[in-house]
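Protein chains in written order, with our numbering: chain V, 1 to 190; chain Y, 191 to 380; chain B, 381 to 570; chain W, 571 to 760.
In case anyone wonders, no lab produced these hints; they're calculated from the structure. Keep in mind that the hints are not guaranteed to be accurate.
Claimed, not checked - Computed beta-carbon distance windows for the label pairs: (1) B/Arg498 with V/Gly157: 44 to 54 Å; (2) Y/Ala348 with V/Gly56: 28 to 38 Å; (3) B/Arg562 with Y/Lys220: 55 to 65 Å; (4) V/Ser29 with B/Asp421: 44 to 54 Å; (5) W/Arg610 with V/Lys30: 43 to 53 Å; (6) B/Arg562 with V/Ala54: 35 to 45 Å; (7) W/Ala731 with V/Ala181: 39 to 49 Å; (8) Y/Ser306 with B/Ala538: 49 to 59 Å; (9) V/Ala158 with B/Ala433: 34 to 44 Å.
Even for Gly, the Cβ is constructed at its ideal location relative to N, Cα and C.
Here's the letter readout for the chains.
There are 4 protein chains.
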Amino acid sequence: MRLFVMAASLRRASYNKKLAAIAASLAKSKGVEVELADFRDFAMPVYDGDIDAATGLPDGARALSARIKAADAIVIATPEYNNSVPAPLKNAIDWLSREKPYPTIGKPVLLLATSSGRGAGLQGITATRIPLSFIGAHVYPSSLGVGSAATAFSDDGARLADDELQKKLASLIGEFLDHGARVAPSRAPA
Amino acid sequence: MRLFVMAASLRRASYNKKLAAIAASLAKSKGVEVELADFRDFAMPVYDGDIDAATGLPDGARALSARIKAADAIVIATPEYNNSVPAPLKNAIDWLSREKPYPTIGKPVLLLATSSGRGAGLQGITATRIPLSFIGAHVYPSSLGVGSAATAFSDDGARLADDELQKKLASLIGEFLDHGARVAPSRAPA
Amino acid sequence: MRLFVMAASLRRASYNKKLAAIAASLAKSKGVEVELADFRDFAMPVYDGDIDAATGLPDGARALSARIKAADAIVIATPEYNNSVPAPLKNAIDWLSREKPYPTIGKPVLLLATSSGRGAGLQGITATRIPLSFIGAHVYPSSLGVGSAATAFSDDGARLADDELQKKLASLIGEFLDHGARVAPSRAPA
Amino acid sequence: MRLFVMAASLRRASYNKKLAAIAASLAKSKGVEVELADFRDFAMPVYDGDIDAATGLPDGARALSARIKAADAIVIATPEYNNSVPAPLKNAIDWLSREKPYPTIGKPVLLLATSSGRGAGLQGITATRIPLSFIGAHVYPSSLGVGSAATAFSDDGARLADDELQKKLASLIGEFLDHGARVAPSRAPA
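Next up, chain V with everything else stripped away, as it sits in the complex (with noise of 0.2 Å):
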């Protein structure tokens, strides 16, 4: 099985890509196969009709479209911009619908969010729900928000600060993958 890992936020030193890493580390510690990818990898211009009627998926678009589809099941933690979903991941996904099928059809996908806000990043998670169902990803009902993302993290970033967050964040990654496991495309019988 193999895991696709991204950080929905450009920033370098953005809260999402340690919560991204630690999520990361927990499905390599299950034995799996996960890649942990910078979402500054797959730079895109904002989407315009016009570009895509020229030019179609630009380079960011294509090269994030073939991890996905690469993938068994992908986690992204993702900032929440205004009670709402981030712009760049709402811009990856508007770009990634332009393919058909979409890249994203059938594939497990986990939410988890970080945020310095009083909602712990789940008005992130929610809206982004929908866009992702739209483009056919299945995601999974359960999520995880963390509060208080500057003071979330253990020093080195290796796990998070408060214990019975971590367990609680190694369980639903445990229970992510079983159910990846079971649905993911790749394993359905031919």
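For this one, chain V is given, so just place chains Y, B and W on it according to the hints.
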């Protein structure tokens, strides 16, 4: 009263540009000073916290902010992408939210949409309400979604092909302008 | 495979009951064991935490929970009320959420809708995804909204009046059942 | 100016009732005429189109409608159930929406929430914005979610335990009342 009208699409032949133009024309006929803007004039990169920290709002976002601050009320005709807010509009919102106080604070905003999809663009409108509210805009409760975008406009683009819908749009614009005249910040008693 | 089908409307002449009946018929024709339930058979009061604390789930909620647990997959045809999940369905979800573990955990759910409104009931579907996901249901990414409910059905109610839409519904039901057969909890390897 | 304040919970010991009481007290201290209502006084059955067709709005919904129409502005403290609008509140909205014109048309509404969950009740607020807007309410852009409900209140219930949050609430109430005084329908020039 000054009204700022814009379609939240970068595509030159956008149906939402047609809808924005009709809305602008209806407002002008009511004696309001209208600016019908082209979203392409406010080009900005995908939101990136590092760019934000280094150089602040890009020129396109600053220019858009200035137009918004100069207006008493705003009309946005928005596409719906993947059952949600279109990335270019969310991106503009995310950049604008980095200016404090938000340039949108207290501004009455009317949301319109046209779409070729089954849902008349209403899910784009609904998803857009949330982040616009977060940055302090007073999103008008009523809105209008125009379905079957490809056949929704008269040949000269001067009106909606369906008379009843054109009347509904005219009435909505009138009602919104009356409301805007009462509540717009620049109209507040000193 | 056992499929539970229900319209989330209490009204006897509900268009969504017609839609649920067509969905049930399509599933039966594919050899699946189908229960087409009437939401009125699961009467329950408005959720009240004091009733919950005193007497737990009301009989109607218990009966609905039992039907859900006995099913491998679920189809809900839902009205849209005021751009959101209809109160009777949200009420059932809120009561079901008080049973632990949730009876809906891991259940594949397909959402359909019909509406006389402009948006084909899609906002009801979208709003319903969120609480259903919260109680562990695997809401199927694809869904179908049928507009113009008053004229959407054949005179005998056996099919959608529009052939293309009927084919789309048949294809969606088939695709969902294939998926359900693969992932339904009762089909998991021991 | 008359303000109507209510918690959207039927539970007697509801944390949101405490929050509503504090909001009411803050508004009174600003010289506003306040009605602090108990949601239990507006009992109504689960929405059923057949009841609606036969007998129209039930007494509880009529009484609630009358209180809303008599008010210049409204404050609702709402629980979050399953990441969404609580069924009892959605049920009231669905019943109110059957009166034409909607009793909520043009009414400024401020949404507050308290919750024991990770997200401070913000998803309940967000989900509630949509149907309230649909029935014409002017949902105030700012809102306040209070997390850790069990420890959020002073022992006597007179204030939020956290001073900063209490100040934020007081400031929000003040700002909302100023806004309401300017825009409330009954304050419109003749």
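Open item on the list: Is 35 to 45 Å respected by the C-beta to C-beta distance linking B/Arg562 and V/Ala54?
Closed with: 40 Å, holds
Open item on the list: Looking only at beta-carbon atoms, does the pair B/Arg562, Y/Lys220 fall within the given range of 55 to 65 Å?
Closed with: Given about 58 Å between the Cβ atoms, the range holds.
Task: V/Gly56 and Y/Ala348 - C-beta distance against the hinted 28 to 38 Å - done: 34 Å, holds
Open item on the list: Taking the Cβ atom of W/Arg610 and the Cβ atom of V/Lys30, is their distance within the range 43 to 53 Å?
Closed with: The hinted range 43 to 53 Å holds for W/Arg610 and V/Lys30, with Cβ atoms some 50 Å apart.
Task: CB-CB spacing for V/Gly157 and B/Arg498 relative to the 44 to 54 Å hint - done: 49 Å, holds
- [ ] Take the C-beta atom of Y/Ser306 and the C-beta atom of B/Ala538, compute their distance, and say whether it sits inside 49 to 59 Å.
- [x] The hint (49 to 59 Å, Cβ to Cβ) is violated, given that Y/Ser306 and B/Ala538 are roughly 30 Å apart.
Open item on the list: Please check whether W/Ala731 and V/Ala181 have a Cβ separation lying inside 39 to 49 Å.
Closed with: 46 Å, holds
Task: Range agreement (Cβ of B/Asp421 with Cβ of V/Ser29, hint 44 to 54 Å) - done: Since the Cβ atoms of V/Ser29 and B/Asp421 sit about 48 Å apart, the hinted range of 44 to 54 Å holds.
- [ ] Can you let me know if the beta-carbon spacing of V/Ala158 and B/Ala433 is within 34 to 44 Å?
- [x] 42 Å, holds
Hint 8 alone, counting from the list given before, is not met by this structure.
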